[in-house]
Amino acid sequence: MNERLERLKDRILSATPTLCTERARIYTAVYRENEALPVARKRALALRRTLEESSIYIGEDELIVGNTASRPKAAAIFPEYSVNWLLNEIDGIDNRPAESYAATDGQKAEIKALCAWWKGKTLQDRAEANFSPTLKAINDSGIVHAEGNMTTGDGHVAVNMFRVLELGIGGYAAYVGRMDGALDPTRYEDLKKRQLYLAMLDALAGLAAWIRRYEAEARRQAASCADPARKAELETIARSCAAVAESPPSGFREALQLSCFVQLVLQIESNGHSVSLGRLDQYLFPFYRKDAEAGLISSEAAKELLSCAWLKLLAVKKVRSWSHTRFSAGGPLYQNVTIGGLTRDGRDAVNELSFLILESVGDMKLTQPNLSVRYHRGMSREFLAAAIEVIRKGFGMPAFNNDEIVVPGMLKLGVSLEDARDYSAIGCIEVAVPGKWGYRTTGMSFLNLMRVFLATLNDGKDTKTGQTFHGGTGILESFKDFDGLMAAWKEQLAYYAGASVGIDVAVDSALEELVPDLLCSTFTDDCVARGKHLKEGGAVYDWVSGLQVGIANLGNSLAAIRKFVFDERSVAPKELMAALESDFAGPAGELLRLRLLNQAPKYGNDEDYVDELVVEAYGAYVGEMATYRNTRHGRGPVGGGYYPGTSSISSNVPSGSVVPATPDGRKAWTPLAEGCSPTQGTDTRGPTAVFKSIAKLPTMDIFGGVLLNQKLTPQMLSGEAQRDKLIALLRAFFDELRGWHVQYNIVSRETLLDAKRHPAKHRDLVVRVAGYSAYFNDLAEETQDDIIARTEQVL
Amino acid sequence: MIFDIQRFSTHDGPGIRTVVFFKGCPLACAWCENPESQSPRPELLYTKAQCIGCHSCLQADNGGAVQSDPGGGILVDRSVEPPASLESVCPARALRIAGREASVAEILAEVRKDLSFFATSGGGLTLSGGEPLAQIDLAEELLGAAAAEGLDIAIETCLAVGRKAVERVADLPLHWLADLKHVEPEAFRRGTGGEVELTLGNLRYLAERGVDLSLRVPVVPGFNDDEASMRGILEFAAALPRPALPRPAAAGPVGGTGPAGGTGSVAGRHLDLLPYHDLAAGKYAALGREYPYPLGLRLEAGFVETCAELGRSLGLDISLGG
Ligand code: SF4
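Protein chains in written order, with my numbering: chain A, 1 to 795; chain B, 1 to 322.
Where hints are given, some of them may not hold.
[What the hints assert, rightly or not] The calculated lysine-lysine pairs, modelled on DSBU-like cross-linking and capped at a C-alpha distance of 30 angstroms, are:
#1 A:563 x B:48
#2 A:563 x A:461
#3 A:464 x A:574
#4 A:108 x A:121
#5 A:696 x B:113
#6 B:48 x A:667
#7 A:136 x A:112
#8 A:490 x A:461
#9 B:113 x A:563
#10 A:756 x A:365
#11 A:667 x A:490
#12 A:574 x A:480
#13 A:480 x A:563
#14 A:231 x A:9
#15 B:113 x A:412
[To be verified] Chain A side only, calculated, beta carbon under 10 angstroms to chain B, not exhaustive:
#16 590
#17 593
#18 692
#19 724
#20 728
#21 732
These aren't lab readings, by the way, just hints derived from the structure by calculation. All residues carry an ideal CB built from backbone N, CA and C; glycine is no exception.
Turn these sequences into a full structure, and let the hints steer you where they fit.
This is the structure we're talking about:
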């Protein structure tokens with residue numbers, strides 16, 4: 001990292017997160033002034049005016065420019081999504097246990113005033129109005145947690161950056177204009193399309209104007225700049241901005257700058273996180289190669305520009321409600337960059353830029369972007385070794401996705417071979433074909449499997465709230481054998497799978513009606529061609545998944561019950577139920593808890609007894625979801641369905657905090673297992689056994705991602721021989737066992753304990769929190785403890 | 001009799017390996033880090049700190065191996081052989097039985113679980129202990145069966161066994177990882193209770209046969225952490241014959257693409273210096289034994305590095321700590 005980058009990094013890391021009211025102010029004004037307009041046009045106008053009028057800045061030392069709010073690490077407000085939580089929490093927003101935002105009294109007052117106008121008009125209000133009383137109760141109970149989707153929108157998308165760089169903004173405007181010109185004003189559908197096209201044109205005009213403003217700002221600063229070196233840099237910035245305001249870029253720097261503008265503007269337009277950059281090493285490479293061959297850019301200069309881009313991503317903040325914050329520990333935006341993998345025609349896609357991206361991310365050690373490497377069988381040892389060099393730095397990146405399973409999995413869904421090879425990670429581990437896939441490839445809606453399981457033992461009664469949503473399946477005592485329990489589980493699970501889809505449909509239709517996104521739709525195929533925005537079915541492909549939390553707990557609970565209650569008959573059903581209800585109170589309760597915990601097989605140890613139960617119990621969900629359709633089904637996209645997903649983010653902690661004691665020996669309100677990883681501390685047979693257990697799942701059908709987090713001590717990566725063993729471990733997991741994903745935390749337990757005691761000493765300690773990286777200091781204490789407790793695999 | 005099968009071992013031969021620990025050892029090194037490996041009989045390990053005093057073990061069929069301790073917890077009667085079932089009785093994982101009979105078929109079934117990882121890493125099965133050659137029938141059958149199905153095989157041995165046992169497996173395509181603790185008879189006897197000539201003779205025998213042989217030298221304070229001892233060890237190692245025989249080809253598993261094969265590379269005989277640590281003290285307590293070696297002993301800073309330099313100057317291929 002050179003001095004410029006060090007200064008820039010330090011400035012952002014030491015900046016206090018704040019709130020920015022400009023967007024909310026402009027959106028509110030535009031909505032109020034244009035009540036008669038269709039919602040798409042209102043939103044386009046609001047975006048345009050925001051881009052024309054909100055504060056922009058070019059900071060000292062910056063080479064790549066752009067900002068989503070008035071200052072680095074300021075979070076814009078999106079009142080059209082939800083205001084209830086904001087009104088409740090704004091007074092204490094600067095005083096939260098984690099993810100606090102400094103806000104002045106004036107800002108708080110302004111936000112309250114703006115929110116007052118929105119009350120009753122937001123996405124959340126509409127979504128809740130769509131709920132049946134039962135769905136509302138289920139959502140309120142926490143068995144399904146869809147808050148993020150209702151309060152902040154979908155996200156989880158990557159646009160067609162290849163095409164953006166090919167056409168430029170002006171090219172897109174011309175394309176939309178042509179489509180608009182071909183409409184027939186006598187037709188109803190065409191009238192609707194017309195509104196969309198007008199909105200898209202407004203949004204594109206706003207984007208071009210925004211970029212021109214940076215050009216002007218750079219020129220203004222250059223004019224008064226006394227330092228000739230900086231003056232030249234500012235002039236270059238101005239030229240780059242001018243070059244891409246309408247036309248497509250010609251060089252690497254302009255292409256990167258335009259990609260950044262698009263990435264940032266998408267996060268001004270909408271509030272869903274995991275807006276991702278897709279295959280950056282692929283779409284920027286032609287520009288890099290051309291410049292490098294002409295001697296216009298060195299690899300060092302390219303790395304510096306990339307690093308400046310990462311800092312731009314890091315400056316973006318998103319303020320979430322406190323309850324949603326707990327599901328996304330560390331306040332991440334999950335802006336993913338994917339490198340490696342296969343080309344559209346099936347060759348190894350790794351190029352020089354892949355290495356530069358990898359190295360620059362490793363040099364910077366930031367929490368953004370979220371870097372994913374697409375592994376495939378033909379990946380060179382050299383590139384894997386370079387990836388492991390970055391992993392060694394101990395900030396949890398890059399994560400690996402596996403082409404050997406994702407590509408065939410996509411084919412199975414009906415994606416074309418070329419598109420399947422062109423997938424990228426979105427957010428953390430989930431995947432989509434960038435620029436062709438609808439919103440929310442996965443995420444935002446959580447199903448708490450262990451609440452459902454406890455209800456299964458209690459004739460459908462939710463033991464936390466006392467409500468029965470689906471009764472009549474029997475209590476534990478009434479099951480004649482284990483199969484009886486499994487059958488009841490499947491029935492309950494099917495019920496809640498349906499409920500979660502019901503909630504999803506309610507929210508999706510509200511998203512479609514109230515918060516269509518114009519730029520994101522413009523840049524995603526085939527929205528323009530179809531004249532439909534993303535939520536209307538504009539994308540080429542459209543599948544979504546919610547996330548299921550507590551998979552290891554489910555398998556371990558079933559194994560414990562099978563062993564003690566049905567096989568050995570050494571624990572009476574009543575005894576177990578009483579112990580669960582009392583949270584294993586008293587010495588007898590604790591004894592039973594230890595038996596459940598220590599004497600029954602645990603998932604993650606390559607033991608079929610329990611692994612097969614996970615496969616059957618969770619597999620039932622896989623089959624169930626395949627029967628549902630999302631709101632875009634039959635409206636254009638290939639697919640229109642659901643699949644399961646396990647990238648539970650840090651939701652295993654808050655999800656556990658609403659679950660009473662469970663039969664795997666887990667105490668009430670403690671974290672659940674994350675993703676598809678084993679329960680903390682129960683995988684005692686090493687990483688190969690964990691991999692084998694995971695591989696028994698139908699990973700190809702769990703298309704929302706099969707998350708596996710492993711922690712490795714630094715010692716294991718000392719020396720080339722050990723590193724080669726890690727590469728061999730990965731190759732076996734991916735080539736032979738068809739693993740979906742794995743990521744590594746390389747930190748010692750001592751380091752983490754010390755970081756908890758002395759946060760100041762570890763300001764840049766980054767850990768992988770289930771699918772993304774966050775600063776350890778930013779995490780809530782319970783999440784810190786959870787990370788410390790995870791099994792440390794000694795290599 | 002074995003006492004453990006450990007998957008994903010990365011310091012016991014090439015690649016990713018599964019290590020089978022044999023129970024029973026002809027030596028009794030005072031610093032042994034696997035004290036449960038020494039006796040050829042099953043032993044009960046009791047970790048008092050984890051015991052919750054539930055007395056489940058007292059109520060179960062325990063063969064008299066455990067009794068109530070009026071002071072809390074339990075007392076272990078070491079004169080009685082614990083029944084194998086006792087381990088699974090304890091809900092707190094305070095009891096562990098080290099030592100069980102296992103058939104070759106049973107062991108290989110466990111080893112095969114990691115075939116995928118052997119294939120990509122060039123790894124395989126390693127016998128360790130205790131001393132695997134002390135149970136030569138089991139060792140020979142297991143290694144032979146493993147080699148026959150194409151597994152890469154290795155053995156960690158102290159070589160303090162009769163030549164006959166060594167000969168019985170010497171033709172197998174083994175990676176030999178042999179201990180070389182000392183070359184002075186008296187010091188060797190004092191530290192390990194064994195006769196050094198047995199080990200040195202076996203080493204020379206194996207070296208002459210040209211097997212893939214690499215050496216492991218524990219560097220132990222108060223035993224061999226002086227210059228004279230280490231010089232003797234390193235010179236002995238450097239002087240071992242290295243006939244230019246083609247090494248028996250390790251029957252690599254299908255598709256092995258990893259860094260397979262020879263630890264005895266052309267660069268010089270491989271020798272690994274293993275600095276002593278006293279992390280095993282807890283295991284001694286669990287066995288009801290005093291830690292026989294003085295606690296808190298440390299190697300002088302830089303000593304191991306000096307030895308490494310010396311070894312390299314003698315033409316050895318030295319590595320540190322496995
Ligand atoms: S069963 Fe375990 S925890 Fe209970 S008394 Fe015996 S050793 Fe202690």
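Has the given pair, residue 574 of chain A with residue 480 of chain A, been kept, meaning a C-alpha gap of at most 30 angstroms?
-> Roughly 14 angstroms between the alpha carbons, so the hint for residue 574 of chain A and residue 480 of chain A holds.
When you check the alpha-carbon spacing of residue 696 of chain A and residue 113 of chain B, does it fall within 30 angstroms?
-> Holds: residue 696 of chain A and residue 113 of chain B sit about 13 angstroms apart, inside 30 angstroms.
Minimum beta-carbon distance criterion (10 angstroms), residue 590 of chain A to chain B = For residue 590 of chain A, the interface hint holds, since the closest Cβ of chain B sits about 7 angstroms away, which is under 10 angstroms.
Verify the interface restraint on residue 593 of chain A: the C-beta must sit less than 10 angstroms from at least one C-beta of chain B.
-> 8 angstroms, holds
Verify the proposed pairing of residue 113 of chain B with residue 563 of chain A, using a straight-line Cα cut of 30 angstroms.
-> Holds, at about 24 angstroms.
Is it true that the CA of residue 113 of chain B sits at most 30 angstroms from the CA of residue 412 of chain A?
-> 29 angstroms, holds
Under the criterion that the straight-line Cα-Cα distance not exceed 30 angstroms, is the pair residue 480 of chain A, residue 563 of chain A satisfied?
-> 14 angstroms, holds
Holds or violated: residue 667 of chain A to residue 490 of chain A, with C-alpha atoms at most 30 angstroms apart = Distance ~24 angstroms between residue 667 of chain A and residue 490 of chain A Cα, so the pair holds.
For the pair supplied as a hint, residue 108 of chain A and residue 121 of chain A, is the alpha-carbon distance within the 30 angstroms limit?
-> 20 angstroms, holds
Quickly compare the C-alpha distance for residue 490 of chain A and residue 461 of chain A to 30 angstroms and report which way the hint goes.
-> 15 angstroms, holds
Hold the hint about residue 724 of chain A up to the distance rule: shortest CB distance to chain B must be less than 10 angstroms.
-> This interface hint holds because 5 angstroms falls under the 10 angstroms limit.
Residue 563 of chain A and residue 461 of chain A: Cα distance at most 30 angstroms?
-> 24 angstroms, holds
In summary, this structure violates none of the numbered hints.
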